[in-house]
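The listed protein sequences derive, respectively, from chains A, B and C.
Going by the numbering used here, the first residue of the first sequence is number 166, and it counts up by one from there.
Going by the numbering used here, the first residue of the second sequence is number 1469, and it counts up by one from there.
Going by the numbering used here, the first residue of the third sequence is number 6, and it counts up by one from there.
Just so you know, the hints here were simulated from the structure itself, not pulled from any lab data.
Please note: incorrect hints may appear among the correct ones.
Claimed, not checked - Once the Cα atoms are required to be at most 20 Å apart in a straight line, the calculated EDC-like pairs of lysine to aspartate or glutamate come out as:
no., chain 1, residue 1, chain 2, residue 2
1, A, 370, C, 56
2, A, 498, C, 103
3, A, 330, A, 287
4, B, 1476, A, 287
5, A, 394, C, 60
6, B, 1480, A, 298
7, C, 114, A, 215
8, C, 12, A, 454
9, A, 212, A, 410
10, B, 1493, B, 1540
11, B, 1497, A, 298
12, C, 26, A, 410
13, A, 370, A, 431
14, C, 12, C, 60
Unchecked claim - Between beta-carbon pairs, the in silico distance windows are:
no., chain 1, residue 1, chain 2, residue 2, range
15, C, 57, B, 1568, 47 to 53 Å
16, B, 1475, A, 396, 51 to 57 Å
17, B, 1494, A, 401, 43 to 49 Å
18, B, 1521, A, 411, 51 to 57 Å
19, C, 118, B, 1577, 37 to 43 Å
20, A, 444, B, 1498, 26 to 32 Å
21, B, 1487, A, 332, 23 to 29 Å
22, C, 111, B, 1572, 22 to 28 Å
23, C, 118, A, 340, 51 to 57 Å
24, C, 23, B, 1517, 51 to 57 Å
25, A, 411, B, 1517, 55 to 61 Å
26, A, 177, B, 1481, 30 to 36 Å
The C-beta atom is built at its ideal place from N, Cα and C for all residues, glycine as well.
These are the residues of each chain, in order.
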Amino acid sequence: MSRRIVVPFGPQHPVLPEPIHLDLVLEDEHVIEAIPSIGYVHRGLEKLVEKRDFKDFVYIAERICGICSFIHSVGYCQGIENIMDIEVPKRAQYLRTIWSEYSRLHSHLLWLGLFADSMGFENLFMNSWRIREKILDAMEETTGGRVIQGSCKVGGVRRDISDSKLKDMVKDLDILSSDIEDLCHVFFDDDTVIHRTKGVGVISKEAAYSLGAVGPTARGSGVSTDIRKTGYVAYADLDFSPVVETGGDCYARCAVRARELLQSVDIIKQAVDAVPSGDIDVKVKGNPDGEYFSRVEQPRGECLHYIKANGKKNILRERVRTPTTANIPALVKMLGGCEMADVPVIVLSIDPCIGCAER
Amino acid sequence: MKLFSMTKTIFKTLGRGPSTIRYPKEPAKRYEGTRGQVEIKIEDCIFCGLCSMHCPSDAITVDKPVKIWTIDRFRCISCNSCVEACPKNCLCLNNVYHEPVLNGPLTESFTGSAEPAEVSSEN
Amino acid sequence: MTIEEQKYTDIMKEDLLKNVKDKCESGYRLVQIGCGKFGDIFEINYSFEKEYSFENLRIKTTEGEKVPSISDIYWGSFIYENEIHDLFGVEVTGINLDFKGNLIRTTVKAPFNVKNVTKVKPEKKETAEKKTEDN
Ligand code: SF4
Ligand code: SF4
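Make a model of the complete structure from these sequences and hints.
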């Protein structure tokens, strides 16, 4: 009969750059149970909505997360626009789509790097981040910010991208996508990666669905769900289908993200081809009155912004449910029964972003 | 060649030279549209206070009676909100980041008269 | 652009478990549970989704009243219910993984339920805010 011990894990951990603490109940090297606790970085950003003009809150909404920042602002603006019945110009919708996909590229490349790092594959980590740098450069050039783009506002977007610049961006992406393909092959084929990820942290399709997992975590288990398919911004006009893998293990989740990179490149190309000319914003008059659940697909999964306003300048309540929150129950289930050494890999495989989970 | 799937990437990388910049020897990357710091043309300012009202991080304070416009560089998040709010278009965002400093706070004040109250260090 | 249809059903607190069970049995997934305080009333939204159709159940409760947990039906609901307890001080009974107020630890208890969060010291709050921006 082996002894049970409890090992505290995190919030400071060499391979886990997220403030999450886990109490791991171990029997020898096996994890029997894992109890997560978060709560180290609560900032109370949702409360700030009561003090800010609703148009200025977009800056704060954007700073909920430092990685999916652009998509947070899209979620927030879309909520307000739908409450106020604002018709956003087509060009702005397309630009939002393009920047959203750029965010996805940068987030997934960041994650692939961190994931390689959690396996101890430093070289792959640096290679992913080198490609990511190019994406960030394109973002900085077009929006003015590397990670906090600040280019989405209620009623449209702040900056336009000229058509010639759009063409150049696509050309750059063509060059990059061959690099990305090479990178994906390493993640798909390399023995080291397969060894550390195949069969690790398995969660079945039924479990993933009933636990409310979202994004690549759900898609890696064969649940075909992608909020982009609801057709917000310009996604309704573009042709794509959710990337689904059926393994349910870390390898499958990694493969979903790797394949989504190529999908994003494809979506950007389609969007650039179809982008109409015209205005990029409309004037916003009055104040919002009503409520709306705005759902967007972030790199980590579905994100929900609930906005309730009563016709004043300040909104009554904004609630943000970030994808990481929804994935934590699934993570707890994955951790039960794994090996101690695999814990960092599994935790990273849901792409946790605790900072935005607590807001 | 499963064990050597990195080889192609490695050879490609060898021919490419470093991907990093030797900062500060070489200047950092900068684009025309990069959001850097707020600059003010104080002569045009009417001290209406709209910029401070719209600043999400409360970085700007405007003192109307004595005509002083103050910005806390550490609080500023370069969001462009004040620039859009200003009715006189006297604010703009340049594309240079502030140099690193050892201790704060880093506030700069400008008064409505010809000279700035506290001489700013850049530009 | 497609605007998602918003469906709400106001239900009584007593019927919550029954309604949630129905949703679970007809194959809905739990999207979120979110709380908001409007005047003296706490509104709690339970959002569900099935094949991109999005629905909400809404209950209303007041200070001091207890809300039953749905974690027997949806195992993953503990994270939202603990959050509601920690941020709003609404007591949720029978959660499978009850953190007892330790999921989100704040200096001010139930920060979203008090009028003024800046009661500690204005100075301190300012530095705390600055950290946020730097992140
Ligand atoms: S908004 Fe413009 S004019 Fe008004 S105080 Fe600010 S800088 Fe001066
Ligand atoms: S750029 Fe943004 S944070 Fe900086 S002073 Fe202007 S409004 Fe404030």
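Here is how each hint holds up against the structure:
no.	hint	verdict
1	A:370 x C:56	15 Å, holds
2	A:498 x C:103	16 Å, holds
3	A:330 x A:287	34 Å, violated
4	B:1476 x A:287	16 Å, holds
5	A:394 x C:60	17 Å, holds
6	B:1480 x A:298	17 Å, holds
7	C:114 x A:215	19 Å, holds
8	C:12 x A:454	17 Å, holds
9	A:212 x A:410	38 Å, violated
10	B:1493 x B:1540	29 Å, violated
11	B:1497 x A:298	11 Å, holds
12	C:26 x A:410	29 Å, violated
13	A:370 x A:431	27 Å, violated
14	C:12 x C:60	5 Å, holds
15	C:57 x B:1568: 47 to 53 Å	49 Å, holds
16	B:1475 x A:396: 51 to 57 Å	43 Å, violated
17	B:1494 x A:401: 43 to 49 Å	45 Å, holds
18	B:1521 x A:411: 51 to 57 Å	54 Å, holds
19	C:118 x B:1577: 37 to 43 Å	39 Å, holds
20	A:444 x B:1498: 26 to 32 Å	29 Å, holds
21	B:1487 x A:332: 23 to 29 Å	25 Å, holds
22	C:111 x B:1572: 22 to 28 Å	26 Å, holds
23	C:118 x A:340: 51 to 57 Å	54 Å, holds
24	C:23 x B:1517: 51 to 57 Å	55 Å, holds
25	A:411 x B:1517: 55 to 61 Å	59 Å, holds
26	A:177 x B:1481: 30 to 36 Å	32 Å, holds
Checked against the numbered hints listed earlier, the structure breaks hints 3, 9, 10, 12, 13 and 16; every other hint is satisfied.
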